[in-house]
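Student: As a plain string of letters, each chain reads:
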Amino acid sequence: MNYTIRICGEAGQGIQTTGEGFSRLFSLLGYNVFSFQDYESRIRGGHNFYQITFGTDEIYAPKKFLDLLLTFDKKGLEYKNLLRDDGIAIYDADYLKKSEHDEKFINCPFRQLLNNARLKSIFENVVSFALVANILSIDRKYVYKVIYDIFAGKPEDIIEQNIKAVDIGYDFDVKRKVNLPASDSEEKILLDGVKGVGIGAIGSGCKFYSAYPMTPSTGVFQYIGTHAEKFNIVVEQAEDELSAINMAIGASFAGVRAMTGTSGGGFALMNEALSLSGMTETPIVILLSQRPGPATGFPTRTEQGELLYAIHAGHGDFPRVVFAPGDPLECVYLTNKAFDIAEKYQIPAIVLTDQHLVDSLYSYKKDLKLKLKNKDYRLRSADFENYQDYKRHKFLDFTKKIPLIPLAVPGNSRQLVFTDSDEHDEYGHITEDGEVRKRMVERRYFWKIENIRNEISLPKIYGNSDSKIVLIGFGSNLGVLKEIANNKEISVCAIHFSELFPLPLKENSNEFLKIISRSNLTICIENNASGQFQKLVESEYGFKFSHNLRKYDGRPFNYDEVLEDIYAIL
Amino acid sequence: MLSYKDFDNGTVPAWCPGCGNFAILDAFKKALLELGIEPYEITLVSGIGQSSKLPHYLKCNGFNGLHGRSLPVATGISVANHKQKVIIFGGDGDTYGEGGNHLLHAFRRNPNIKLFVHNNAVYGLTKGQASPTTEFGRRTKAQPFGSLSEPLNPIAFAIAMNCSFVARSFSGSPEHLKNIMKMAINHEGFALVDILQICVSFNKVNNFEWYKKRIYEFNADYDLSDKLKAFEKSQEFDERIPLGVFYSNSRPTFEKNIPVIKDKTLVSMQNFPDITSLIC
Numbered sequence: 002m003n004y005t006i007r008i009c010g011e012a013g014q015g016i017q018t019t020g021e022g023f024s025r026l027f028s029l030l031g032y033n034v035f036s037f038q039d040y041e042s043r044i045r046g047g048h049n050f051y052q053i054t055f056g057t058d059e060i061y062a063p064k065k066f067l068d069l070l071l072t073f074d075k076k077g078l079e080y081k082n083l084l085r086d087d088g089i090a091i092y093d094a095d096y097l098k099k100s101e102h103d104e105k106f107i108n109c110p111f112r113q114l115l116n117n118a119r120l121k122s123i124f125e126n127v128v129s130f131a132l133v134a135n136i137l138s139i140d141r142k143y144v145y146k147v148i149y150d151i152f153a154g155k156p157e158d159i160i161e162q163n164i165k166a167v168d169i170g171y172d173f174d175v176k177r178k179v180n181l182p183a184s185d186s187e188e189k190i191l192l193d194g195v196k197g198v199g200i201g202a203i204g205s206g207c208k209f210y211s212a213y214p215m216t217p218s219t220g221v222f223q224y225i226g227t228h229a230e231k232f233n234i235v236v237e238q239a240e241d242e243l244s245a246i247n248m249a250i251g252a253s254f255a256g257v258r259a260m261t262g263t264s265g266g267g268f269a270l271m272n273e274a275l276s277l278s279g280m281t282e283t284p285i286v287i288l289l290s291q292r293p294g295p296a297t298g299f300p301t302r303t304e305q306g307e308l309l310y311a312i313h314a315g316h317g318d319f320p321r322v323v324f325a326p327g328d329p330l331e332c333v334y335l336t337n338k339a340f341d342i343a344e345k346y347q348i349p350a351i352v353l354t355d356q357h358l359v360d361s362l363y364s365y366k367k368d369l370k371l372k373l374k375n376k377d378y379r380l381r382s383a384d385f386e387n388y389q390d391y392k393r394h395k396f397l398d399f400t401k402k403i404p405l406i407p408l409a410v411p412g413n414s415r416q417l418v419f420t421d422s423d424e425h426d427e428y429g430h431i432t433e434d435g436e437v438r439k440r441m442v443e444r445r446y447f448w449k450i451e452n453i454r455n456e457i458s459l460p461k462i463y464g465n466s467d468s469k470i471v472l473i474g475f476g477s478n479l480g481v482l483k484e485i486a487n488n489k490e491i492s493v494c495a496i497h498f499s500e501l502f503p504l505p506l507k508e509n510s511n512e513f514l515k516i517i518s519r520s521n522l523t524i525c526i527e528n529n530a531s532g533q534f535q536k537l538v539e540s541e542y543g544f545k546f547s548h549n550l551r552k553y554d555g556r557p558f559n560y561d562e563v564l565e566d567i568y569a570i571l
Numbered sequence: 026m027l028s029y030k031d032f033d034n035g036t037v038p039a040w041c042p043g044c045g046n047f048a049i050l051d052a053f054k055k056a057l058l059e060l061g062i063e064p065y066e067i068t069l070v071s072g073i074g075q076s077s078k079l080p081h082y083l084k085c086n087g088f089n090g091l092h093g094r095s096l097p098v099a100t101g102i103s104v105a106n107h108k109q110k111v112i113i114f115g116g117d118g119d120t121y122g123e124g125g126n127h128l129l130h131a132f133r134r135n136p137n138i139k140l141f142v143h144n145n146a147v148y149g150l151t152k153g154q155a156s157p158t159t160e161f162g163r164r165t166k167a168q169p170f171g172s173l174s175e176p177l178n179p180i181a182f183a184i185a186m187n188c189s190f191v192a193r194s195f196s197g198s199p200e201h202l203k204n205i206m207k208m209a210i211n212h213e214g215f216a217l218v219d220i221l222q223i224c225v226s227f228n229k230v231n232n233f234e235w236y237k238k239r240i241y242e243f244n245a246d247y248d249l250s251d252k253l254k255a256f257e258k259s260q261e262f263d264e265r266i267p268l269g270v271f272y273s274n275s276r277p278t279f280e281k282n283i284p285v286i287k288d289k290t291l292v293s294m295q296n297f298p299d300i301t302s303l304i305c
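If you're matching them up, the sequences are chains H and P in order.
For the first sequence, our numbering assigns the number 2 to the initial residue and increments by one for each residue that follows.
For the second sequence, our numbering assigns the number 26 to the initial residue and increments by one for each residue that follows.
Source of the hints: derived by calculation from the structure; they are not laboratory data.
Hints may contain errors.
As the list claims (entries may be wrong) - Derived CB-CB ranges, DEER-like: (1) Ser518/H / Pro284/P: 37 to 45 Å; (2) Tyr446/H / Thr36/P: 46 to 54 Å; (3) Pro277/P / Ala183/H: 55 to 63 Å; (4) Ser250/P / Ile44/H: 40 to 48 Å; (5) Arg276/P / Asp390/H: 37 to 45 Å; (6) Pro277/P / Leu459/H: 46 to 54 Å; (7) Thr18/H / Leu129/P: 34 to 42 Å; (8) Glu386/H / Leu60/P: 46 to 54 Å; (9) Ser382/H / Ser28/P: 22 to 30 Å; (10) Ile44/H / Tyr241/P: 50 to 58 Å; (11) Val175/H / Leu129/P: 23 to 31 Å; (12) Arg276/P / Phe152/H: 48 to 56 Å; (13) Ser382/H / Asn244/P: 37 to 45 Å.
To be verified - Over 12 Å on every C-beta distance to chain P, these chain H residues come out as not near it, computed from the model: (14) Asp168; (15) Lys208; (16) Phe209; (17) Lys231; (18) Asn233; (19) Leu243; (20) Arg258; (21) Val333; (22) Pro404; (23) His430; (24) Glu433; (25) Gly532; (26) Ser540; (27) Asp566.
Predicted model only: the values in this text are computed from it and were never measured.
We put the beta carbon where it would ideally sit given N, CA and C, even for glycine.
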């Protein structure tokens with residue numbers, strides 16, 4: 002069973018807060034929860050919605066059809082077409098100055114009720130929250146708990162007014178009630194992509210985060226900022242993205258793990274320094290949180306349009322890794338892996354997310370324990386003294402698997418550490434020597450590419466691997482792939498890639514290659530117009546997809562439409 | 026006991042014979058020697074330009090990065106390890122042109138970084154184009170109608186932005202230059218030293234004789250934290266060019282303002298924290 006609620010209204014009407022309140026309530030009751038947001042690039046006005054699906058099934062993707070619609074603006078009334086037959090819509094006819102005669106609609110005069118109770122209209126969210134909880138036959142003590150959690154630390158009178166508003170919502174006679182099936186009653190925890198990347202970074206020992214605010218990457222910047230004092234992290238708002246990445250490179254050179262985050266436009270500005278990281282072999286992790294482009298594009302919406310850019314950005318030959326986590330937990334682990342690989346191979350690592358992933362909440366079991374890989378690859382103090390003639394860029398035989406000379410922390414010993422964006426010798430000093438250049442390219446490019454590829458994990462396979470229908474995607478489409486693989490109507494095999502560059506070795510990808518080679522219906526699904534993922538996979542593995550699903554309206558795929566699209570292909 | 030050769034890394038500089046950069050390098054080595062700073066205690070940062078090659082000709086830790094980006098790199102280094110002495114060498118193009126935005130914000134942040142600008146009023150590495158400090162009207166191959174922008178006055182700009190140490194010296198006055206460098210290194214906060222420098226190959230106007238006729242060393246007869254007096258002094262740059270410290274103040278550094286690194290360097294805190302508390 003799953004149940005979908007959409008809350009809509011103008012920016013500034015507290016849609017997000019109410020949505021989060023519902024997400025907390027349902028996770029508190031032990032349901033699985035998935036929620037996502039749709040909002041415009043403006044502070045007040047416009048039209049936003051927040052959609053929550055909860056239930057006893059596992060849920061990872063947006064749903065097209067609604068069980069309950071709660072709207073604070075007229076635009077929201079248009080979603081009545083998406084309501085299921087037994088669906089319910091709630092609105093305030095007085096406030097919207099519009100009457101709906103469909104029996105699905107419940108008119109609740111929120112503002113009038115609040116006025117009668119001498120409460121401000123800002124509490125209409127809370128009233129509606131309680132009203133919906135009552136319709137869903139949820140005991141009001143749970144709503145109280147969510148209110149206490151949200152307003153923890155706020156003055157007594159504010160909490161009191163909120164509780165009063167809850168009672169107004171519960172006492173409204175709704176006539177219709179929904180009885181939900183029992184949950185497993187074990188409280189869930191909620192994570193979104195922002196928290197996922199943030200937790201991954203903090204847990205990986207990130208000590209310096211510099212960024213210029215840009216949607217949708219700003220959430221991670223702020224999350225790390227909020228926890229900076231507790232975890233001894235320096236967070237700096239740079240004057241521009243050029244500065245942000247150069248600062249992070251400086252901090253990394255000086256000996257701490259450093260990260261920067263941005264979206265497409267900012268990443269474009271960072272390209273020169275991405276090459277700098279490659280050339281000076283200074284590790285850095287870059288969060289590239291995609292939004293639809295080109296240029297400033299669709300600032301608050303979603304797209305997967307920067308995959309090939311992430312892979313090819315920067316001038317000259319140098320390796321990097323590009324990871325695109327599929328859900329918040331993968332955000333934690335792949336941010337951790339990005340730090341590990343960046344440090345181990347002295348390269349830039351890119352974590353590719355998008356608005357849909359960073360703004361979506363997923364529920365997890367309460368006893369979630371994270372195991373991160375953390376190894377310090379740097380030479381510090383005493384161990385640095387053992388290198389009597391420290392060569393930061395020592396030549397490597399790229400046909401052998403000997404490890405790189407570790408990075409040394411400048412000032413930790415009398416040994417000197419030097420590097421240069423110009424071609425340099427083993428000590429990091431400028432050179433014009435062709436032979437040295439050749440050997441540096443072999444160290445910096447061939448040796449690293451060869452070795453990094455062995456670290457890349459294979460794609461994950463869901464559903465029936467014998468199915469003739471194979472759906473392949475990457476990044477934030479993990480949710481929709483998993484749900485399609487779990488559907489009970491048709492048998493589908495879904496394959497999800499989250500480690501995209503370099504792609505896993507051909508000889509190790511047998512299972513994936515076997516599955517696609519015996520299927521004549523291979524569908525590539527991605528949120529962009531040009532089929533970037535399809536191009537990458539086809540060129541790397543030398544096969545052709547038979548079909549593709551591409552969505553580029555700035556909105557994520559939802560479960561129902563993908564299923565409809567698969568039927569259309571069949 | 027430190028000696029001059031402790032700073033010499035044996036590389037022959039790729040500068041034109043007679044270039045002002047040699048004198049700047051020499052003055053810097055002498056300043057370090059007199060201050061007793063060892064090579065491993067400093068990290069030199071530079072961008073692109075003939076000036077920016079300087080860190081390659083001296084024993085030190087160093088990061089020679091991109092054109093105009095030395096300030097952000099240096100800021101990252103200084104925040105990560107505020108025990109290191111972080112010093113930048115850049116040119117007028119690197120610092121005032123390509124890196125202009127970073128300079129503006131370095132003034133605001135006040136990191137404990139010393140910025141030594143080799144200001145020869147011309148682009149040397151790219152062979153003779155106008156720079157942000159080239160005088161109005163000077164013709165070059167790239168400026169066929171003459172430089173049509175007013176030259177930047179870095180001293181006035183720095184004072185206006187409350188830069189915590191603002192000085193000017195000249196590559197042809199080695200003793201003065203060395204002493205100004207020492208003062209800048211000892212100053213706690215962001216220090217800009219604009220070093221007038223001759224370019225024997227591309228700047229035929231502002232040559233040694235031109236400067237010698239105009240420069241004079243001054244010791245401010247006003248309180249160095251007096252912004253208005255300093256600003257007034259900064260306007261002098263025609264027949265007479267003053268060398269010396271124009272302005273200084275002792276406002277807290279960027280690093281001091283960050284509570285996280287109040288007691289320890291960030292580098293010494295590198296660890297992998299327990300994140301259990303974040304999962305809820």
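Student: Are the hints correct? Go through all of them and say.
Tutor: For each hint, the structure was consulted:
1. Ser518/H / Pro284/P: 37 to 45 Å: Between serine 518/H and proline 284/P, where Cβ atoms are some 58 Å apart, the hint is violated.
2. Tyr446/H / Thr36/P: 46 to 54 Å: Violated: the Cβ-Cβ distance is about 26 Å, outside 46 to 54 Å.
3. Pro277/P / Ala183/H: 55 to 63 Å: With a Cβ separation near 59 Å, proline 277/P and alanine 183/H satisfy 55 to 63 Å, so the hint holds.
4. Ser250/P / Ile44/H: 40 to 48 Å: Hint holds: Cβ distance 41 Å, inside 40 to 48 Å.
5. Arg276/P / Asp390/H: 37 to 45 Å: Hint holds: Cβ distance 43 Å, inside 37 to 45 Å.
6. Pro277/P / Leu459/H: 46 to 54 Å: With a Cβ separation near 52 Å, proline 277/P and leucine 459/H satisfy 46 to 54 Å, so the hint holds.
7. Thr18/H / Leu129/P: 34 to 42 Å: 38 Å, holds
8. Glu386/H / Leu60/P: 46 to 54 Å: Cβ of glutamate 386/H to Cβ of leucine 60/P: about 25 Å, so the range 46 to 54 Å is violated.
9. Ser382/H / Ser28/P: 22 to 30 Å: 26 Å, holds
10. Ile44/H / Tyr241/P: 50 to 58 Å: Because 56 Å falls inside the window, the suggested range holds.
11. Val175/H / Leu129/P: 23 to 31 Å: Between valine 175/H and leucine 129/P, where Cβ atoms are some 59 Å apart, the hint is violated.
12. Arg276/P / Phe152/H: 48 to 56 Å: 40 Å, violated
13. Ser382/H / Asn244/P: 37 to 45 Å: 43 Å, holds
14. Asp168: 28 Å, holds
15. Lys208: Violated, because the least Cβ-Cβ distance between lysine 208/H and chain P comes to about 5 Å, which does not exceed 12 Å.
16. Phe209: 6 Å, violated
17. Lys231: 8 Å, violated
18. Asn233: 5 Å, violated
19. Leu243: 6 Å, violated
20. Arg258: 7 Å, violated
21. Val333: 9 Å, violated
22. Pro404: 20 Å, holds
23. His430: It is violated; histidine 430/H is separated from chain P by about 5 Å at its closest Cβ, not greater than 12 Å.
24. Glu433: 9 Å, violated
25. Gly532: Non-interface label on glycine 532/H holds, nearest chain P Cβ at 34 Å vs cutoff 12 Å.
26. Ser540: Fine: 31 Å to the nearest Cβ keeps serine 540/H off the interface.
27. Asp566: The claim stands: aspartate 566/H keeps its Cβ more than 12 Å from every Cβ of chain P (closest is about 36 Å).
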